[in-house]
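K.L.:
Take the two lone chains and join them into the complex the hints point to.
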Amino acid sequence: MNLPQELQYTRSHEWVRREGDVATIGITDHAQDELGDVVFVELPEVGATLEAGNTFGTVESVKAVSDIYAPVGGEVVEVNGSLEESPEKVNEDPYGEGWMIKVRISSEGELLSAADYEKVVEEEE
Amino acid sequence: MLSSEQTLGNLIRDKGRPGRRGYTLPKPDVDEISLENVLPEDALRKEKPRLPEVDEPTVIRHYTNLSRKNWGIDTNFYPLGSCTMKHNPRANEAAAAVPGFAGLHPLQPEDQAQGALRVMHELQVFLSEISGFPAISLQPLAGAQGELTSILMVKKYFEDAGDEGRTNVLIPETAHGTNPATATMAGFNAQSIGLDEHGCVNVEELKEKADETTAALMITNPNTCGVYERNISEIAELLHEAGAFLYMDGANMNANLGRMRPSDAGADIMHFNLHKTFSTPHGGGGPGSGAIACSEKLAPFRPVPVVEKEGESYRFVSPEKTIGRVAGFHGNFGVLLKAWNYIRMHGPELKDVTDMAVLNANYVRARLKGTYRIPYEGPCKHEVVVQPPKGMKALDIAKGLIDHGFHPPTIYFPLVVKEAMLIEPTETESKETLDDFVGAMLELAQSKDLEEAPTKAPTRRLDEAKAARQLKAHW
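Protein chains in written order, with our numbering: chain F, 1 to 125; chain Z, 1 to 475.
A few of these clues could be false.
Unchecked claim - If we take Cβ atoms under 10 Å as the criterion, some of the chain Z residues that face chain F in the derived model are: (1) Pro389; (2) Lys390; (3) Lys393; (4) Leu395; (5) Tyr412; (6) Phe413; (7) Leu415; (8) Lys418; (9) Glu464; (10) Ala467; (11) Ala468; (12) Arg469.
To be verified - Cross-link-like lysine-lysine pairs, in silico, DSBU-like; alpha carbons within 30 Å at most: (13) F/Lys119 <-> Z/Lys393; (14) Z/Lys297 <-> F/Lys63; (15) F/Lys89 <-> Z/Lys393; (16) Z/Lys418 <-> Z/Lys431; (17) Z/Lys448 <-> F/Lys89; (18) Z/Lys466 <-> F/Lys89; (19) Z/Lys472 <-> Z/Lys393; (20) Z/Lys69 <-> Z/Lys27; (21) Z/Lys309 <-> F/Lys63; (22) F/Lys63 <-> Z/Lys448; (23) Z/Lys418 <-> F/Lys89; (24) Z/Lys48 <-> Z/Lys27; (25) Z/Lys321 <-> Z/Lys297; (26) Z/Lys456 <-> F/Lys63; (27) Z/Lys69 <-> F/Lys63; (28) Z/Lys393 <-> F/Lys63; (29) F/Lys119 <-> Z/Lys390; (30) Z/Lys297 <-> Z/Lys156; (31) F/Lys63 <-> Z/Lys418; (32) Z/Lys466 <-> F/Lys102; (33) Z/Lys418 <-> F/Lys119; (34) F/Lys89 <-> F/Lys102; (35) Z/Lys369 <-> Z/Lys418; (36) F/Lys89 <-> Z/Lys472; (37) Z/Lys309 <-> Z/Lys155; (38) F/Lys119 <-> Z/Lys369; (39) Z/Lys448 <-> Z/Lys390; (40) F/Lys89 <-> Z/Lys390.
Since the hints were derived computationally from the structure, they do not count as laboratory data. These figures come from a predicted structure and were not determined experimentally. For each residue, glycine too, the CB sits at the ideal point set by N, CA and C.
Next up, chain Z with everything else stripped away, as it sits in the complex (with noise of 0.2 Å):
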């Protein structure tokens, strides 16, 4: 028997038929106006919008059976590393759906909106005594903002002390494309430095590179190979003494929960990503939330408005030397609610999260070393970067693992790393979750004929070069 998108295509469009609707209005029992007597003749449509017509049923089986092909950390176990896609408790929906909450209007006057200002201040004191920096803005709305907004402020400081002629920002071979983005973007030049052969920044090219012409330098701890960047309290005192700040991205903070404070390894200025280390689903582009935490010195800069707690009552207030808005209204604020709920929840146990994500990673290489290659000896963070067998291709593992059931991990970064697969399994999955990872991973390493992979999947291998040329968008 065929199905009905063998007979009707595979498109909205395809399953419709001219005429046929899903609906009947009643007559207007109003006249009705021609549009041409209300609209300029330039406004008028000269054709009928292309639009699919269709009965309910059929829509109703075409949005259910596309949502049956979703491919996510609900459905399967997804190890997307340098991504921390993790389970997204369900206690921090419900509190973000709270009606107080949910049906609050950003333009709400401060007395008549405290509970959310109490939650905001409440969140910046966490987030201060998770990084061990006195000031925090909650205004960024994603991780690459968060890292503008302390590029921006970095710049603003210079630019306030009268500190002509820094120009460069020094940024590691791992970091994440993001960090010389925003150096570029801040006006500054993007300088890489090396690494050395722990995959850790090489401080011996930090001391030639680290002048005064340095702002800054953007480190991602641990960085994208997994690896603590051991010498971070070096790296911050060469970069101090050169008159230049530590910029941590926090995008990798699931690996240092209750266990490492950026500020006290020296750093100055970092963001976090709340939709990943405290759990928003995320990975469709937002919403997010970069909130930055930084110390005394910079914190006059941060972006307007910060919450202050005076006596009972809580108020926005301006920071000194502003570097301005970055966000309408507050941030997103839900996702600072759920951080604030996911914080909550573990309360002082939540160095337990980072002590389960790096177990699990450790679990995974250790079960995967012999039969892959694991370019960085030694225990690993949050996250695990292995090579595949000699000969064989990341990418063709990685489709093969989509036969397996399961979403593949990032591939082909971090770019230092030949055929890398970077495997962040975090902390909410089990071991019999990582066993049946692994078994298929090491199953795909004995396989011979993964170039036809995937198989199962509703499409076959897709042919990227093409698909990166001549896209063909329809819906």
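The shape of chain F in the complex, shown without the other chains (with noise of 0.2 Å):
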């Protein structure tokens, strides 16, 4: 499993990376390999107000529809536009090319080290 130590991360399975005081978010590569192919992707728009743990998008797999939780707080100021065309990228790049929405954060949410992320993974196994 592949799982960056410089980000954090939370128990629904997103991940996060502090640049100042803007997030990228994303969905970590435990839960694209879960999920399976990727065929669709729906998130918010510019502008939108996230709060923390509630939820700001979905993604849908060959498997299933599911939610997509907001990891901190604050305002979307960039979307990932090429996920629409192309959602496999959470599939091939989950911390790169995959990434999902960048928040200007307001206020912060429960966040995991990578360390402590790998034992919730584990726990559910």
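P.N.:
Below is the structure:
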């Protein structure tokens, strides 16, 4: 399982990369593996306000439709529009080209270190 | 030698050649009139329709060969969990084909359709006895419509009682997707309830969530893990204390006939899938019947019409505070007739259906145990959820089953179980069939190269992601 040490994670399998007060958000390698081939990603519009812990979009795979939860609260400043045409990027490169949104952080959520997230995944197995 | 498909292609269009015909028509014996003279400009085609131009033997071979690729309960074992794909006794088809019923017009006056009304009335009585509820409606045309009808009745009840602020419908995590869809369609918020370690509704969580904003809880019993909701009476009490209703999704009534009456368990309203539980061929989208059963409290809100017996004759009546019509005419009468016939054929032994369905599922469970993982221990009801050995994918096992001549079970549902395979053998299968199926499952669990499966089917494994995004529909 690919788990970059510098990222933060959630129990609901999202990852966060911080650069200043902006957080880039996506779903983890483990999440994409569990979901199987992703066929559709529904994301909010730029300007939307997210509350930490609330759902901000959905990922549809050949298995199921799953909600994605906001790891932090704040305003959406950028959305990965390329996922509309190429949702398979979520499977191929979950921490890179498969990123989903960027948020200007206004409130913190419950975040885990890579090591703690790994424990969560192990518990689930 | 090349098959005709290799030289001509797969589609009926590919098999045609310009100008080829399967018929000759006599010369018209009236004057030909040009279409331009009788149709307005915008109704005229600019180009000829692209119809297949084929001779008769090609048409017959094309469709006969297609039909031989059909895979269904009539050709193979079909253990599709949560769907009750069981054998449909042919006697029921014979009953539905009786000319007096088959030729009946839905607008025929009541006094000319007394036999049909009697069947409907008797079916109401049978369903009442099976469910324990006093009131029935045969109107809804499918399970999901039965759900929606039930929740709309609950809504109307609260409107009628002036009880405002009941905006939530509680839905367990194992529910069928139609449950939250129903709640939303009816204008409620669908609120999720988690599970306990047995795969049942978490009663502690319910205690916190059931309050004056709750309209109902939608429970499926047994649930989609094949587990009996053992706390159903306590759940009913908690809801009733909060002034809310317990709705029971009857999709899995195959596990309850003659053994458990939803009314006794504390439910207030339910639907039946007459096509699943009492057998009508289904799986192609219909026709079905989602007849509902309810308590005295909800009876006045049933859809119109219901059949009443007066002396020796039968008539349609309208419940006092009805939510109105939910279907044209009288529901899917053919399905009602088959259900009536099925129940009459079994009579008081109807409980044997349930006993055999539960026995068969537990046989499969016991034989797969040890090789497959069983997330919820203990006896199951009519279906069992299993997980492939660690490291294997349910999808691969499912595709491998196709090569063994079995329709795969439901996979990746219920969502709460990873790599779930939901197997429902139904009561109509013999021990030998179950042994063959289990044998294939055990063999597949040892296989290393399932990623290529199926190799013996008319098509190899499909690219599901691409199929979902770039659908190519031809015929």
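K.L.:
Each of the hints needs a verdict: does it hold here or not?
P.N.:
Now the hints, each set against the structure:
Using the Cβ-Cβ criterion of 10 Å, the hint placing Z/Pro389 at the interface with chain F is not satisfied: the shortest such distance is roughly 13 Å. At its closest, the beta carbon of Z/Lys390 sits 8 Å from a beta carbon of chain F; the interface hint therefore holds under the 10 Å criterion. Using the Cβ-Cβ criterion of 10 Å, the hint placing Z/Lys393 at the interface with chain F is satisfied: the shortest such distance is roughly 9 Å. With a cut of 10 Å, the hint placing Z/Leu395 at the interface with chain F holds, because the nearest CB-to-CB distance is about 7 Å.
At a threshold of 10 Å, the smallest CB-CB gap from Z/Tyr412 to chain F is about 4 Å, leaving the interface hint in force. Given hint, Z/Phe413 at the interface with chain F, holds; its Cβ is 8 Å from that chain's nearest Cβ, closer than 10 Å. This hint holds: Z/Leu415 has a C-beta 6 Å from the nearest C-beta of chain F, less than the 10 Å allowed. Taking 10 Å as the C-beta cut-off, the interface hint given for Z/Lys418 holds, the closest approach to chain F being about 7 Å.
This hint holds: Z/Glu464 has a C-beta 4 Å from the nearest C-beta of chain F, less than the 10 Å allowed. At about 9 Å, the closest approach between the beta carbon of Z/Ala467 and any beta carbon in chain F falls short of 10 Å, and the interface hint on this residue holds. For Z/Ala468, the interface hint holds, the least distance from its beta-carbon to any beta-carbon of chain F being 4 Å, beneath 10 Å. With 10 Å as the threshold, the beta carbon of Z/Arg469 comes within range of chain F, its nearest partner Cβ sitting at about 6 Å, so the hint holds.
Distance check on the hinted pair: F/Lys119 and Z/Lys393 sit about 22 Å apart at the alpha-carbon level, within 30 Å; holds. Proximity of Z/Lys297 to F/Lys63 is assessed by CA-CA distance (about 41 Å); at most 30 Å being required, the pair is judged violated. A C-alpha spacing of about 22 Å is found between F/Lys89 and Z/Lys393, which places the hinted pair at or below 30 Å, so the restraint holds. Our distance criterion of 30 Å between C-alpha atoms is met by Z/Lys418 and Z/Lys431, whose separation comes to about 28 Å.
For the proposed pair Z/Lys448 and F/Lys89, the alpha carbon gap of about 28 Å is at most 30 Å, so the pair holds. With a C-alpha separation of about 13 Å, the suggested pairing of Z/Lys466 with F/Lys89 holds against the 30 Å cut-off. Taken as a hint, the Z/Lys472 and Z/Lys393 pair is honoured in the structure, with Cα atoms around 27 Å apart against an allowance of 30 Å. Only pairs whose Cα atoms come within 30 Å are accepted, and Z/Lys69 paired with Z/Lys27 is rejected, the gap being roughly 40 Å.
The suggested pairing of Z/Lys309 with F/Lys63 is violated, with an alpha-carbon distance near 49 Å, which exceeds 30 Å. Simply put, F/Lys63 and Z/Lys448 have alpha-carbon atoms about 22 Å apart, close enough for the 30 Å limit, and the pair holds. With a C-alpha separation of about 23 Å, the suggested pair Z/Lys418 and F/Lys89 falls inside the 30 Å cut-off, and the hint holds. With a CA separation close to 21 Å, the supplied pair Z/Lys48 and Z/Lys27 stays within the 30 Å bound.
Between Z/Lys321 and Z/Lys297, the direct Cα distance comes to roughly 11 Å. Compliance with the 30 Å bound is thereby established for this hinted pair. Simply put, Z/Lys456 and F/Lys63 have alpha-carbon atoms about 24 Å apart, close enough for the 30 Å limit, and the pair holds. As the CA atoms of Z/Lys69 and F/Lys63 are separated by approximately 25 Å, the hinted pair is consistent with the 30 Å bound. Only pairs whose Cα atoms come within 30 Å are accepted, and Z/Lys393 paired with F/Lys63 is accepted, the gap being roughly 12 Å.
Of the supplied pair hints, the one linking F/Lys119 and Z/Lys390 holds, its CA atoms being roughly 18 Å apart against a limit of 30 Å. About 12 Å separates the Cα atoms of Z/Lys297 and Z/Lys156, which keeps this hinted pair within 30 Å; it holds. Under the criterion of a C-alpha separation no larger than 30 Å, the hint pairing F/Lys63 with Z/Lys418 is consistent with the structure, at around 11 Å. Distance check on the hinted pair: Z/Lys466 and F/Lys102 sit about 28 Å apart at the alpha-carbon level, within 30 Å; holds.
Between Z/Lys418 and F/Lys119 the CA atoms are separated by roughly 17 Å; this keeps the pair inside 30 Å, and the hint holds. Proximity of F/Lys89 to F/Lys102 is assessed by CA-CA distance (about 17 Å); at most 30 Å being required, the pair is judged to hold. With a C-alpha separation of about 17 Å, the suggested pair Z/Lys369 and Z/Lys418 falls inside the 30 Å cut-off, and the hint holds. Between F/Lys89 and Z/Lys472, the direct Cα distance comes to roughly 22 Å. Compliance with the 30 Å bound is thereby established for this hinted pair.
Among the hinted pairs, Z/Lys309 with Z/Lys155 is consistent with the structure: their alpha-carbon atoms are about 29 Å apart, no more than 30 Å. Note on F/Lys119 and Z/Lys369: the hinted pairing holds, with a Cα-Cα distance of about 28 Å set against a maximum of 30 Å. Between the alpha carbons of Z/Lys448 and Z/Lys390 the distance comes to roughly 13 Å, so the proposed pair stays at or under 30 Å and holds. With a C-alpha separation of about 27 Å, the suggested pairing of F/Lys89 with Z/Lys390 holds against the 30 Å cut-off.
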